[in-house]
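Enquirer: Chains as they are written, first to last, in the UniProt record's numbering: chain A, 1 to 165; chain B, 1 to 947.
Treat the hints with care, as some may be off.
[Stated by the list, open to error] Quick look at which bits of chain A chain B covers, simulated, 3 or more residues with Cβ under 8 Å:
no., region
1, 10-22
2, 39-48
3, 110-123
4, 136-147
To be clear, the hints were calculated from the coordinates, so they are not data collected in a lab.
All C-beta atoms in this analysis are idealised placements derived from N, C-alpha and C, irrespective of residue type, glycine included.
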Amino acid sequence: MIRAVIVINDQGKPRLVKFYEYQPVEKQQEIIRNIYGVLCSRAENVSNFVQDSTFGPDTRLVYKTFATLYFIVIFDESENELAILDLMQVFVETLDKCFSNVCELDIVFNFNKVHTILDEIILGGQVVEMSSSEVVKSIEDISWLEKNPNSITRVSKSISSWQGR
Amino acid sequence: MEQLKTIGRELAMGSQGGFNQSKEFLDLIKSIGETRSKSEEDRIVLHEIETLKRRINEPDIPKRKMKEYIIRLVYIEMLGHDASFGYIHAVKMTHDDSVLLKRTGYLAVTLFLNEDHDLIILIVNTIQKDLKSDNYLVVCAALNACCRLINEETVPAVIGSVVELLGHQKEAVRKKAVMALHSFYRRAPSSVNHLVENFRKKLSDNDPGVMGATLCPLYDLITIDVNPYKDLVASFVNILKQVAERRLPKTYDYHQTPAPFIQIKLLKILALLGSGDKKSSEQMYTVIGDIMRKSDTTSNIGNAILYECICCISSILPSPKLLESAADAIAKFLKSDSHNLKYMGIDALGRLIRINPDIAEQHQLAVIDCLEDPDDTLKRKTFELLYKMTKSSNVEVIVDRMIDYMISINDSHYKTETASRCVELAEQFAPSNHWFIQTMNKVFQHAGDLVNPKVAHNLMRLIAEGFGEDDDAADSQLRSSAVESYLKIVDDPKLPSAFLQVICWVLGEYGTADGKYSASYISGKLCDVAEAHSSDDTVKAYAVTALMKVYCFEKAAGRKASLLPECQSLLEELSASHSSDLQQRAYEFQAILDLDANAIENIMPLDASCEDIEIDQTLSFLDGYVQTALEQGAEPYVSENERSTTLNISSIRNHNAYEHPAHSLRFEAYEVPKPVVPTNLPPAVTYPTELVPVPEPSYQPTLSSRPISDAGSGSTDLRLRLDGVQKKWGAPTYSSAASSSTSNFDSFRTAVNGATQSDNVPAKSREPRQPPVEVSEEKQKLAASLFGGRTERNERKQSGGAVGHGKASRTTNHREDKPQPTTVTTAVQSLAPPPDLLDLGEPTGAVSSYSSAVDPFKQLEGLLDLSQDGSAVATTSSGPDLMSLYSDSSTNGQKDNMNSAPNSSNRTASLTKGPSLKDALDKDALVRQMGVNPSSQNPNLFSDLLG
Chain A
1 MIRAVIVIND QGKPRLVKFY EYQPVEKQQE IIRNIYGVLC SRAENVSNFV QDSTFGPDTR
61 LVYKTFATLY FIVIFDESEN ELAILDLMQV FVETLDKCFS NVCELDIVFN FNKVHTILDE
121 IILGGQVVEM SSSEVVKSIE DISWLEKNPN SITRVSKSIS SWQGR
Chain B
1 MEQLKTIGRE LAMGSQGGFN QSKEFLDLIK SIGETRSKSE EDRIVLHEIE TLKRRINEPD
61 IPKRKMKEYI IRLVYIEMLG HDASFGYIHA VKMTHDDSVL LKRTGYLAVT LFLNEDHDLI
121 ILIVNTIQKD LKSDNYLVVC AALNACCRLI NEETVPAVIG SVVELLGHQK EAVRKKAVMA
181 LHSFYRRAPS SVNHLVENFR KKLSDNDPGV MGATLCPLYD LITIDVNPYK DLVASFVNIL
241 KQVAERRLPK TYDYHQTPAP FIQIKLLKIL ALLGSGDKKS SEQMYTVIGD IMRKSDTTSN
301 IGNAILYECI CCISSILPSP KLLESAADAI AKFLKSDSHN LKYMGIDALG RLIRINPDIA
361 EQHQLAVIDC LEDPDDTLKR KTFELLYKMT KSSNVEVIVD RMIDYMISIN DSHYKTETAS
421 RCVELAEQFA PSNHWFIQTM NKVFQHAGDL VNPKVAHNLM RLIAEGFGED DDAADSQLRS
481 SAVESYLKIV DDPKLPSAFL QVICWVLGEY GTADGKYSAS YISGKLCDVA EAHSSDDTVK
541 AYAVTALMKV YCFEKAAGRK ASLLPECQSL LEELSASHSS DLQQRAYEFQ AILDLDANAI
601 ENIMPLDASC EDIEIDQTLS FLDGYVQTAL EQGAEPYVSE NERSTTLNIS SIRNHNAYEH
661 PAHSLRFEAY EVPKPVVPTN LPPAVTYPTE LVPVPEPSYQ PTLSSRPISD AGSGSTDLRL
721 RLDGVQKKWG APTYSSAASS STSNFDSFRT AVNGATQSDN VPAKSREPRQ PPVEVSEEKQ
781 KLAASLFGGR TERNERKQSG GAVGHGKASR TTNHREDKPQ PTTVTTAVQS LAPPPDLLDL
841 GEPTGAVSSY SSAVDPFKQL EGLLDLSQDG SAVATTSSGP DLMSLYSDSS TNGQKDNMNS
901 APNSSNRTAS LTKGPSLKDA LDKDALVRQM GVNPSSQNPN LFSDLLG
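Could you build all of it, start to finish, from the sequences and the hints given here?
Expert: Now the structure itself:
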């Protein structure tokens, strides 16, 4: 199970924090600080994995750097490190598609949308979608519906598109 | 910081992305971006909190405004500040009819609240309603919230709707309903136990996505109990087969790999189901073999699946063919340049050697490379592997390495783990006691506070007992070397307490035994210890008792023994100590100073820590004294339980109290004498068997009672005075043995069993091993010593006492093995002489054979660097930024170096990291200032992000 998805920038400022089990605010901050400390001390060109005892003895942490941002996923032994690495790729790809050329500030200013995107990929700590185009499709549906709350035409359209899938 | 500043300014001019935020929010983010210190940031955020507190409670806030406040609250809390004052507004927002506001409300509450929060009860109703909504997006939002906000109490409120949604027409809803049910199961298994059958049913859902989601709860269920799901093996295998054969729609592909997460989950499930089950395992062999054959080793995700296959193969009943391909896959991982793949390779190797320990030998060099890698994660993983493959032939090298590593790390959690692993391996496989002591010294020196105190006592016991049998010369040699090694390090001011106790005890007991060091030298050292660690009472106690022993041994040996001045002052200081234990010891010492050599020899016999001490529980040696006392009219002793049962007053009157102590006169309770700690010799009765209800330790008295009366006659008052305090020391442990000196009386030295060291060993203990010198040629020997001597693996089972196998026996084992192994290993073994790291004068034949094996990769490295540089340039210039990364990786992959892809993307990312981003941002800023529409003209920021 995935325990947390965290995005921090290279100065340790949190940009997206999502814990799949509730953590009090102070604990969250402590975890983020610890992780930032660990990641800062890692050399370049080393593996993207860190053995991490934040959530017990068997949790691992996978991180990936995109420009100024660290994307971090913490998970337990029921996930596969390499696959999680690709999952992050999917997440960032999706962000890129949704924001057309995403940068750190998009994430800062639109973190609620980023949360929505993340919820389409990971739900309750489990990976539910691996295709960025599918995620984009449902995000578009959501945005459209939010703007046109009284219409359901698009919804029915997307049902037909689902049948085509 | 600067970048943020620039962009913040730009963004104030116009927003980017979809969800418009107000200028205030942008200003907030901008000003936080510009802060230089945490305190400055806190000040801004606190100000923002004040503003929000005021605003959010104003009447009639437009909904749009409220939504923004909520988002600002979430932002504040993400920065670590308390936003609880606004929780209620977030809850209210979930009630809103507008989908946009509702979603925002749900997002905020899932981030703010835990499932046991008081406010949840206000949301449950809304969730209930939303689960029944016609709008599937509303249903999805409610299901999202369910995953996080529903606890055991509230499950019944929503469970009905959620189960209903398992049959919803949209697959996204069904998928989320499965996940919600799964999260209920995790939180409160009992409340959904009757519904787990639904997971089975959903496995045959039309939509592969729903089926994939169902695998998550099934995996959890199967982890808990395999048996109810054995019947599903065929279905799982079938699904996996279909997925692998690309029967799923293309939309489930990820970079040409069909539904990777489904494959991985299925493999994990099969690993559980096939473990120890021949029938199930056999069903899986074909499909796993197929997947491995087809797997795409050039992509990250392909390797992920490959790794999962290896895990599965090592978990199910072994199939030789699959093991072989697993070993091949591991070889590829380990030879890769990517640290990620090496890591996976080491991990996989650790799993596979449980089944087939031989495969480790093919990879010895790769493993050693990983051990010396700068990547800490990889190093740790490798140590884990080494820990798993330790046997008596390589324990010295491995433990040396582990200790070096342990010294180098700071993380106390991991340090403790490494230290205890070192101790465990050393206790289990120690080739010699000498080595064991040296190793323990190192562990104690660097992590003494972190290891179990029992380890210290084991060490003392080992030194005291020596080899257990007959071989006195070896024992004393062992002790001499222990003393010597301790004298060398005792001045280190940072030694942990447990280790100092061991040192003091050993120095006291054996410091002067071999005559190499004078008593005054040892005493001086001991005084230094007591002085340097004046805040540690336990260490001081050990030190002063050790001093006493040194003094006694000297005097007993007939040498002139005088106290050093510092020892004298230490004694004076301790006799005024706050600790009664220290006082006690000081007074004892002072009392002993007055005794003659003969008495001293009796109370402090040389090297008697292992002797059994017979306790004369009846105190028969006092009989004469008691008799005299009774004759002089003293009252007989009444034992405690007799005293407590004498309540029958009527009977007492009729009896002579003197003759029947059990019924002595007791009219007033408060007159009851309680002679537990008598200040004078207690008058004892002559029927010894009825006396002193001491709990009897199960010792077999073998020696005649110690001649305590000798000493006793000399210092009767002393001993009596101490009686009450002695109880404290009574426990039959080694720590008490160290202090038992004067009070043989009741501090029994344990009858030490020789269990840990049963082998009798040739006296030749080795020279102390130094950690291997880091010469590159040394690697070969390191490899040889790590992986050689396979036949001794079986020794793992017998814990302790692996001492008997000397170097010679190991060598012969080695030779005998030759015919068996594969080509690589034969070469290694025939070339590599006995696996001794220290033999520097090796013939270089072994070296050359190894280096030739390594060479191709070394050469490839050069090639790779070039290609990577080239690709980096290509990436930045080529069109669609993101995809270029993949095209880049796939072309790289084709260059028959399978693992360059992830690595190169890493490198390119890091190449373009710092400065180029700034350039891009500056450019962006410029463009925006010139008033060009930012969304169309935005320079490729994302290409910078992705490299």
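Enquirer: Against the earlier hints, flag every one the structure doesn't satisfy and list their numbers going up.
Expert: none
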